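Taken in order, these protein sequences are the chains called S and P. If you read the first sequence in the numbering used here, its first letter stands for residue 6, the second for the next number, and so on. If you read the second sequence in the numbering used here, its first letter stands for residue 25, the second for the next number, and so on.
What the hints contain is simulated information worked out from the structure, not anything from laboratory work. All of these numbers come straight from a predicted model, not from anything done at the bench. Don't be surprised by glycine CBs; every beta carbon is placed ideally from N, CA and C. A few of these clues could be false.
[As the list claims (entries may be wrong)] Some chain P residues close to chain S (C-beta under 7 Å, calculated; not the full set): (1) 116; (2) 129; (3) 136; (4) 223.
[What the hints assert, rightly or not] Far from chain P by the CB rule (all over 12 Å, computed), these chain S residues: (5) 78; (6) 97; (7) 110; (8) 171; (9) 187.
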Amino acid sequence: MSDAAGHAARPSRSEPDKASFWQDPVRIAQLLFPLALIALWQILSVVLGDFFVASPLASLGALLEGINDGWLGGNASVTLIALVYAYLLAVGFGIVIGFLLGLSRFAYEVFEPIVIALYALPKVALYPLFLFAFGLGIAAQAWFAMFFGVFPIIIFTMNGTRNVSQVMFKVARSLRLSRLQLFRAIVFPAILPSLVAGLRLGFGVTFLGVILSQMFAAKSGLGFILVQSVSLHDMPQLYGLVALLTLFAFLINGAFLLWERSLTRNRPMQTTAF
Amino acid sequence: MSYAARVRLTRWAVILAAIATLEFMPRLGLGDAITLIPLSEIVSELFELLTEGELMPHLLATGGAFVLSFLLAGVTGVPLGYLLWRYRPLKRTLDPYLTTYYAIPIFAFYPLLLAILGFNILPIVAISWAWAVVAVVLNTSIGFGEVPQVLIKVGRSMNLSRWQIISRIFFPAAVPYIFTGLKLGMVYSLIGVIASEFVLSTQGLGYLVSYNYLNFRTAAMYSAMFVILGLAILLNLALTRIERRLYGHV
Chain S
6 MSDAAGHAAR
16 PSRSEPDKAS
26 FWQDPVRIAQ
36 LLFPLALIAL
46 WQILSVVLGD
56 FFVASPLASL
66 GALLEGINDG
76 WLGGNASVTL
86 IALVYAYLLA
96 VGFGIVIGFL
106 LGLSRFAYEV
116 FEPIVIALYA
126 LPKVALYPLF
136 LFAFGLGIAA
146 QAWFAMFFGV
156 FPIIIFTMNG
166 TRNVSQVMFK
176 VARSLRLSRL
186 QLFRAIVFPA
196 ILPSLVAGLR
206 LGFGVTFLGV
216 ILSQMFAAKS
226 GLGFILVQSV
236 SLHDMPQLYG
246 LVALLTLFAF
256 LINGAFLLWE
266 RSLTRNRPMQ
276 TTAF
Chain P
25 MSYAARVRLT
35 RWAVILAAIA
45 TLEFMPRLGL
55 GDAITLIPLS
65 EIVSELFELL
75 TEGELMPHLL
85 ATGGAFVLSF
95 LLAGVTGVPL
105 GYLLWRYRPL
115 KRTLDPYLTT
125 YYAIPIFAFY
135 PLLLAILGFN
145 ILPIVAISWA
155 WAVVAVVLNT
165 SIGFGEVPQV
175 LIKVGRSMNL
185 SRWQIISRIF
195 FPAAVPYIFT
205 GLKLGMVYSL
215 IGVIASEFVL
225 STQGLGYLVS
235 YNYLNFRTAA
245 MYSAMFVILG
255 LAILLNLALT
265 RIERRLYGHV
């Protein structure tokens, strides 16, 4: 079997079957790792006292209380709306710009260093510009977070497009594919794995952008509540929120990783550091 | 004109066009006169801030936190990366968590560190270190893993001691990867410092931006932004230079 991108399938690597899953100590250690973190958290809360570290149970209690009182749901939905808004923008702009830059060698070579440099700049400090342009509120947060998240998506789409090998285009020409067919049957499947990697990284950075923006001059959202709980010194609420945000990011990233793996299973290994 | 020269020329044209837009958009009355200020006025404001000495303490605060957090990330990250490579089960156990690390909004931990360590340089250094160190760890462990077997065999055949193999073979062979890690670490720790100063702190360039924004001192705010961007661009240029000198043009 070979997939649309033309990579011949390698003989499947010996994947651990279900029976041996529980015999692999690494798997068990992986599952235990989050528990170890929670245990460490509990120990720290005992050692340092609840003025500095709220216990896991107290933090969970604060979150449950937040659900009952409604502040958690309200602020979480503000964050979620901003996140979805920002991510849609980032994905739209990122894929289109990345694809266009990847198509032309000249455009790629002109813009690649600029895009990389913009990615590496501390863009946080530019947030007031977005406040000027969009006013206080969700729009400014979303466009700012998009400005964070769009770069990984551009970079990965661009590189993915550039790496579609010329042979495939020749095959398409010899098969007399139309432009649409060329895109659907050849270009898109070839780009998809790096696109998904870009979407995953882009999501993480967009999420960070939303939280960051809500920490500054905002009146609602989880970032705002985080900062507020510092000034109120509400430790259970603070720790609960940090744990919630971490868990949320971890789960979404895990879903993206599974998607990535299902796409790259039959392809030669690509190493992405992170 | 050669192809490479054409590429470079177009790139500079794009950059200059962007800068010209910043200068002329406000002059032509496009956009709000209060919020958009011509580039030249920002630059003159910047000189004023510099000569009055208003900028210096913030520059020092940011620089200090940046250098400190980056050095910490290097000093802790490289040995941790080595340990991770040395003990394979450890690496295999932590791999899924390490790849997820940068998906987590690490910055959410900043308020938490503030609450523990207080309003000073410590939480800023700590969060920037946390942001930077994992890039160093990951790249170091990848670097040691990519050392060609041939080199190790050569070392063994020459009867090198264990320490000699590490210092003479593994380390030099892994340097390009470690350098990439340190480069990322440097970028991340600068971003971490600026972000934490901007959101909640009492000094530094990031603080200067937010302070001037909140007090409607727009020109001063822009000049602080310019200092930040300028420093970051200089840092990136220097890193690319060093990289090119070390490994030739990539």
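Going through the hints against the structure:
no.	hint	verdict
1	116	holds, 5 Å
2	129	holds, 4 Å
3	136	holds, 6 Å
4	223	holds, 5 Å
5	78	holds, 19 Å
6	97	holds, 21 Å
7	110	violated, 9 Å
8	171	holds, 18 Å
9	187	holds, 27 Å
Checked against the numbered hints listed earlier, the structure breaks hint 7 alone; every other hint is satisfied.
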